[in-house]
Each structure stands twice: as C-alpha cells, then as structure tokens.
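Listed below, chain by chain, are the residues.
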Amino acid sequence: AQTVTQSQPEMSVQEAETVTLSCTYDTSESDYYLFWYKQPPSRQMILVIRQEAYKQQNATENRFSVNFQKAAKSFSLKISDSQLGDAAMYFCAYRSAWQYGNKLVFGAGTILRVKS
Amino acid sequence: GAVVSQHPSWVICKSGTSVKIECRSLDFQATTMFWYRQFPKQSLMLMATSNEGSKATYEQGVEKDKFLINHASLTLSTLTVTSAHPEDSSFYICSSSMGGGNTEAFFGQGTRLTVV
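Sequences listed follow chains R and B, in order. Counted the way the numbering used here counts, the first sequence spans residues 112 to 227. Counted the way the numbering used here counts, the second sequence spans residues 2 to 117.
For the record, the hints were derived by calculation from the structure and aren't laboratory data. It is possible that part of the hints are untrue.
[Claimed, not checked] Cut-off 25 Å, straight-line C-alpha distance, at most; resulting in silico cross-link-like pairs (DSS-like, lysine-lysine):
1) B:Lys67 / B:Lys15
2) R:Lys226 / R:Lys184
3) R:Lys214 / B:Lys56
4) B:Lys15 / B:Lys56
5) R:Lys214 / R:Lys181
6) R:Lys166 / R:Lys181
7) R:Lys214 / B:Lys15
8) R:Lys166 / R:Lys214
9) R:Lys214 / B:Lys21
10) B:Lys21 / B:Lys67
11) R:Lys166 / R:Lys189
12) B:Lys67 / B:Lys56
13) B:Lys42 / R:Lys226
14) B:Lys42 / R:Lys189
15) B:Lys65 / B:Lys15
16) B:Lys56 / B:Lys21
17) B:Lys42 / R:Lys214
18) R:Lys184 / R:Lys166
19) R:Lys226 / R:Lys189
20) R:Lys214 / B:Lys65
The whole structure should be built from the sequences, with the hints applied where relevant.
The structure is reproduced here in structure tokens:
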C-alpha cells in the first residue's frame, strides 16, 4: 500500500518570504500522480498543484512550485512571496495511475502560518 | 470548473437519531465518490468508496451498518449516520473526479456533524 509522509506538523513564514513544505511517499508503482491540496479555515479543499510522475519537469503554478525527486520519492512544495491568504493546512496526496477514479492517499498535513 | 455540492454544511442532532448527508456532482457524472472523515487539525481519513449502482466499499474499521452509503445515480451519493452518538461528531467530506488519475478531485464543502 502507498503511504505519504509529511514530517512538518507546523511551519511559519514571514509575509513575502519563501517557505518549503516537505513530503515523501512510498510506492512500488512507476506511474502515479502527486498533488498538493490547501485547506483554509473554511475547510474547503483546494487543489494547489499536481505532478505527473512520468514528467521530469517540476510543475509550477504562479507562486507555487514543486521539487519532484522521483528516485528519492520526494515531493516538496515551495511557496514564494508568501501572502496572508496562504495560511492554511496543506496536504500532500498520492494517486495511482492504474485505476479509474482511484482514491487519494493523503499525508498528515502541515499547518502553515503566515506572519505579517 | 466542476463542482461538488455537499449538504448540509452543518447539522446538530440528538444522540440516537440518524442524519443524512448529500453529495451532488453538479456538472459531471460521478461514477465514483469518496467519503472522508476529518478530525480537527488532522488529515482526511477515507471511510468508503461509493460506486454508482453497486455497494460501497468500506475501509477497514469503518462500520458499514453505522455509515450507510447510497449512490443511486451518477450525480448523487448520500451518507447516513445511523443511531448517531457523540463520538460520531466530526467533519465529513465527499469527493469525486471526472476521469483518470491525473484529473483533479473535487471536494464538497464538508459537513460538520455535532451529536448532542
């Protein structure tokens, strides 16, 4: 079974600074997808960024980028120019590519606090 | 983008009563829906996978007679918490996606259940 590990329960960042959230995963599959989801205080889950395992290029979405290291099974999220609205709980998630509608496997989450 | 609508957003019920939570996919056909439970500052715990027209698949440790899932159409899945007790108080979230592993999973707004 696949597992996702987020080793940072909480992180803090100063507004306008950069922060990196860590995520490692374990799988025996070669084809899969990785995601970062944000859950703000409203508790609505929001997709931040996704990465296909077969792509070597790291995904980027505006201020959000990932460092995907497939051999090391590492998938960190970098938030640049942090804003107050980035304060939320962030979840790293894994999904197998082999099954239609397959479930997401979530990490424990990291609470990100943004200081003004 | 696709929307998953979950109702109610919060509910308070008396111990021993049953509560039904609805999850609707508004603009796509959801063959599969996932039901999660989340405790404060914790990750999403998958409870069951709901497949249209067939019995739900429950995760280990989840009582299927306690948490009844019905997925009678491609746009509606329901979770009924039967004979609710205070320990069932939690945040429940549904999720679905339109296609394969790389497609975005859409989440409902969540339901905060309080059993008194």
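Decide if the proposed pair is consistent with the structure: B:Lys65 and B:Lys15, CA atoms, cutoff 25 Å inclusive.
-> Judged against 25 Å, a Cα distance of about 21 Å means the pair holds.
Are the Cα positions of B:Lys42 and R:Lys214 separated by 25 Å at most? holds, 21 Å
25 Å Cα cutoff - pair R:Lys214, B:Lys15
Violated, at about 32 Å.
Under the criterion that the straight-line Cα-Cα distance not exceed 25 Å, is the pair B:Lys56, B:Lys21 satisfied?
Cα-Cα ~17 Å, so holds.
- Item | Holds or violated: R:Lys166 to R:Lys214, with C-alpha atoms at most 25 Å apart | holds, 21 Å
*Verify the proposed pairing of R:Lys214 with B:Lys21, using a straight-line Cα cut of 25 Å.*
holds, 23 Å
Would you mind confirming whether the straight-line C-alpha gap from R:Lys214 to B:Lys65 stays at or under 25 Å? Judged against 25 Å, a Cα distance of about 18 Å means the pair holds.
Please verify whether B:Lys42 and R:Lys189 have alpha carbons no more than 25 Å apart. Status holds; Cα separation ~21 Å.
Hinted pair R:Lys226 and R:Lys184, Cα distance within 25 Å: violated, 31 Å
**Q.** Pair hint outcome, R:Lys166 versus R:Lys189 [Cα-Cα no greater than 25 Å]
**A.** holds, 18 Å
Checking one constraint from the list: CA of R:Lys214 to CA of R:Lys181, max 25 Å. Satisfied? It holds: about 20 Å lies between the C-alpha atoms, which stays within 25 Å.
Regarding the pair B:Lys42 and R:Lys226, is the alpha-carbon distance no greater than 25 Å? holds, 19 Å
Figure legend: structure checked against the earlier numbered hints; hints not met, in rising order: 2, 4 and 7.
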